[in-house]
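Trainee: The lines below spell out each chain.
Number of protein chains: 2
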Amino acid sequence: MTSTTNPDLQKERDTATFDPLLLTNRIDGGPEKTRRRQYIQNLAATDPNLVHKHISFMDRSEEYDTAVKNACYIVKRLKELNITDPTEEYWYRHIATPHEASAMALHTGMFMPTVRAQSTPEQYKHWIPDCESYKIIGTYAQTEMGHGTFLRGLETTATYSPMTEEFILNSPTVSSLKWWPGNLGKTTNHAVVMAHLTIAGKNYGMHGFVVQTRDMDDHTTMPGITLGDIGPKFGYGSNDNGFMKLDHVRVPRENMLAKFAEVKKDGTYIAKTKNTKLTYGTMVFIRAMIAGDAARGLAQCCTIAIRYSAVRRQSEIKPGDPEPQIMDFQTQQYKLFPLLATSYALLFAGSSIRDTYFRIEKDIQRGDTKELPELHCLSSGLKAFNSWAANSGMEVCRMSCGGHGYSQASGFPKIYTDVTPACTYEGENTVLMLQCARFLMKMAEAAVKGQPLAPTLSYLANTSSRTSLTPQFNLDSLVAAYQHRAARLIKAAASRFQGLMAKGMAREDAWNASSVDLVRASDAHCHQFVISTFVSVVNEKQNKDLQKVLKDLCQLYALYGISKNSGDFLEDGYMTGEQIRMVEDGVLVLLAVIRPNAVTLVDAFDFNDRILDSVLGRYDGQVYDNLLKFAQESPLNDTDVHPSYYKYLKPLAMSSKL
Amino acid sequence: MTSTTNPDLQKERDTATFDPLLLTNRIDGGPEKTRRRQYIQNLAATDPNLVHKHISFMDRSEEYDTAVKNACYIVKRLKELNITDPTEEYWYRHIATPHEASAMALHTGMFMPTVRAQSTPEQYKHWIPDCESYKIIGTYAQTEMGHGTFLRGLETTATYSPMTEEFILNSPTVSSLKWWPGNLGKTTNHAVVMAHLTIAGKNYGMHGFVVQTRDMDDHTTMPGITLGDIGPKFGYGSNDNGFMKLDHVRVPRENMLAKFAEVKKDGTYIAKTKNTKLTYGTMVFIRAMIAGDAARGLAQCCTIAIRYSAVRRQSEIKPGDPEPQIMDFQTQQYKLFPLLATSYALLFAGSSIRDTYFRIEKDIQRGDTKELPELHCLSSGLKAFNSWAANSGMEVCRMSCGGHGYSQASGFPKIYTDVTPACTYEGENTVLMLQCARFLMKMAEAAVKGQPLAPTLSYLANTSSRTSLTPQFNLDSLVAAYQHRAARLIKAAASRFQGLMAKGMAREDAWNASSVDLVRASDAHCHQFVISTFVSVVNEKQNKDLQKVLKDLCQLYALYGISKNSGDFLEDGYMTGEQIRMVEDGVLVLLAVIRPNAVTLVDAFDFNDRILDSVLGRYDGQVYDNLLKFAQESPLNDTDVHPSYYKYLKPLAMSSKL
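Chains as they are written, first to last, in full-length UniProt numbering: chain U, 1 to 658; chain C, 1 to 658.
Just so you know, these hints were derived from the structure itself, not from any lab.
Remember, predicted model here, so these are calculated numbers, not experimental data.
Keep in mind that the hints are not guaranteed to be accurate.
Note that identical chains are pooled: a pair holds if it fits in a single copy or bridges any two copies.
[Claimed, not checked] Result set (SDA-like, lysine to any residue): computed pairs, CA atoms no more than 25 Å apart in a straight line: (1) Lys564 x Arg488; (2) Lys370 x Gln451; (3) Lys491 x Gln632; (4) Lys335 x Tyr425; (5) Lys647 x Phe260; (6) Lys335 x Pro421; (7) Lys335 x Arg520; (8) Lys53 x Tyr236; (9) Lys318 x Asp328; (10) Lys647 x Ile55; (11) Lys318 x Gly205; (12) Lys76 x Pro651; (13) Lys335 x Ser563; (14) Lys564 x Tyr574; (15) Lys629 x Glu62; (16) Lys125 x Asp65; (17) Lys202 x Thr639; (18) Lys53 x Asn637; (19) Lys491 x Pro471; (20) Lys564 x Leu588.
Given the sequences, and given the hints that come with them, work out the whole structure.
Mentor: Structural data, given as structure tokens:
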């Protein structure tokens, strides 16, 4: 590899002060995990069956076709390779179809888990074998065109007909069309449809119904159903997010998922016990995963931007000197290194939530859910915190690469359009921040009353009114500063909320009128959690060289955050103006400290070139030859003269001659 | 129109406290200008020849083909309509091909102006008539794959051969390929190629050469030249941004643009006087235009998001109540109304710079350039300030519309990918902020020495160390606050820069090591300029109802900016923590004040539906029926069953059966 590596990039690797493999191991969770991940990812990366032309050269239909082809191939290939562990499957798929929505994503990710979790044993036996053999491919149809996360607002109805022992599913309006479900438009032949159950005029709330959407022999849309793709999006071109109109579609009584509620032949509704905390647990897990995905999206963009900044030479610092690597410009470092530190911070925070979930998963299954509200608060907040930070950061990375960042060859547009929906799906970020705030408000009240606090909020009881920050930027003093800020903002939000109620405002109106403060409080809570987690990673027993680099990153992340939110630390006199200037100087010092390790720090993320799919971010740094190669393969270059010349340009030139 | 308007949207219009037409007139520059603009835009909006399917339904080749077709049609149509004024042409094109790069953009925007400005009279006569009849269609080829704004770094050479009286143009390396010029790949048949002029081994620096790139009869690429499209980008799919390799291409001596320098037959180089300030003037103009375009991009996104927020009903504030318009959520107002205020602030600032340019244009032509450095500083900074603010704001607008914002039907993705390159082209934003800072540093030195200051920087002489801000948020006190902040940050940057030099650092290294502070100083200078301009617009003699609304917006823009940068105002004790809380409360109060006027304020931008190209942002608010229509027209719905079913899904289901 070394012999063909761009010398500017090689030089960066040669000057690193730590061994990147040690850091990769820490991210993976140990050397054995790194080896296994690399082994599995290499299987996908070297598989000729998964090679195809660049997605940005395809039209939508071709892109979709490729996604279906790959999804079907991967099903067979994983079986051949006997890879069944979900994490290992994830590793494989991630390389096999980087940045491409799987045509089976909703089937394996939502349809099957829902059917498994909400079926009676008879229903399970009826559907699951066909699901596992991919005869049935399903999706999960909840969201409607006019209705998102708010379940009560959904309009689709399932009316029970005791005469025929059927449910009649109906979308009465355009706004009630099922809209957005992944793989619904073209791929799937079944769906769990969420609808208001109505029996003899009475609404029993949301229930799930298994509906066959396409014919099992020829895949045509079933009678009474209208199906389609919702059209092109910002990204996700390979996914046929779909719409569905149900025009009095009848399904047998047995098709209502009946583990938690059943409708008898005569229309009697029988509710069974349901552990709603289990659903909570799933949400915690999904949001922790998204927090991690967002962090990886940012880390990928940092990898591209930092490698390119080592390869690209531009302008001059001193007249007559050779053009410097653009990473030597302080402004470039100031754009990228805080984002590099952020990537690590968000990755560690995401892993921490996920690990906590795994730790208490068994407790939850047993019904011990005392830690769940705290974890639900953190996972909701962190999903929003991470995805917002990644979202803005990815675009800074793209724009730090000048014009080439705007080319699809850079990889940035695909990563961005792939990750940015994380701000919206599985809970819109602002809504999640407000969910997080509900628990914070409870804890704020508990703190006032001297009641016990959840461990992650014990800082609400601290009372120091001055920072102990010194020019060494001791990590504990940084944690203390962020905790002080979070505590102050949580108390300020509680104070506004309670003050408005004290003035006679209804609780719900007071909540709405405090929501800007509440979001800010949640954001500060997440921020202190991310800092605290990073500090505990630095404090782990580990190789000293690695520890030094992690400490540099952790300090940069914390100091940069203080400088960007300095008002929060100044407003109540916790810090002085002089301390803020010390922090700002500290940021500049750390940029220079991190500079020699920057490339190695992105190498340690260990993203395969196939995931980055970026000419600018290639591991070997051979940017320019490959930019040309990318352009030459572009379909617009299939012919020298484009047909539009004969149709429009030539006639225009001729007409003016006359 | 009213009868078919969504009633939620109509209600918003009925509650406005001002006449939007008055505000539209203010933006346009008077009622007559509004009428004329609307007349011209209506010609384009109602022209059946310009109707085509949605761009997001096209593949790249079709998109390019449509752009060429439209560009050729518009040339003829504008001639028929006798529209020749550049502003009126701009209005027409903007509606005729919204968010589509013109196939003639570089020809009329760069090639012809360059040839006109740098030709001798003989050259002018030789080329311009064919340019005007579109026999010649040209572009401007400066940027190379490995080299951007830094001219000295370009590698392309033009070596004079006295034997044949020709220049030999050559791209010696891959990184020297001309890369990015608009319309170069497929459309144009000529280019001004910027290259290092070499005569008898001596480098005479950058000069422009007219090079024929394609055959005039059959449009094939000329010998010695390799041409192509650089491949798909984030957006701008209709533009064939191209690459060009020159392999010892010979052009006659007469093809060097010779107004400012000439090469005699024997190779003697003759420099002529060149008014470099004129080039400066053009840059000022272009950057002022980009500042305005960025503001309009943000205003378009606000229009879409705010109209949709009035139409969309979601969730509940009080249990059991009907779903509220999402614009009634405080968090939604907090996302959108500051951006609405920002749109107006940036629009007014952009217009102000443009008007100043027009005011002093004749002075510049006459050689009186004393105001130019100040204007160059402001226009460079404002191009960066506006495009950065628009860039992040547009994405907030998109994400404020939930899932539907991510659909191409929303219009957001197209507007974003169209406007975001403004952060990079015509001067990368950070580079421009540093250009702006050069003048600020001069003025900081002048202020210390008590020398006269440029009018826009006279605030450097002010000395108040405490704000006079009261809960009325008097506009002058807001201007004073922003000027105090800018002055402090300019002085802080100057102090670091000079301090480093005093410690013995070379000037250039000190500049680089101060560049984070310098960018921050420029940003603060631009911010105070935007505030000052907005305040003077509010203070104009005008209708009282309009004045009230503009004052609300101006205060919101200013207060929001203080709250988001509160550390800057607290750090030196200019404001107290209590005053910052007063500002934050003021923001919340203003959100409620602006709420009833929000839709009318975006109506006043007067964007034709064709420009927005957004189902969510339609003037009539008929969102849901049109979302369905968009989906149904999507090419993936041409057939019920996609071919990939037969190729992959069916075989997979069959294989598992066995």
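Trainee: Can you name, in rising order, the numbers of the hints this structure does not satisfy?
Mentor: 3, 5, 16, 17
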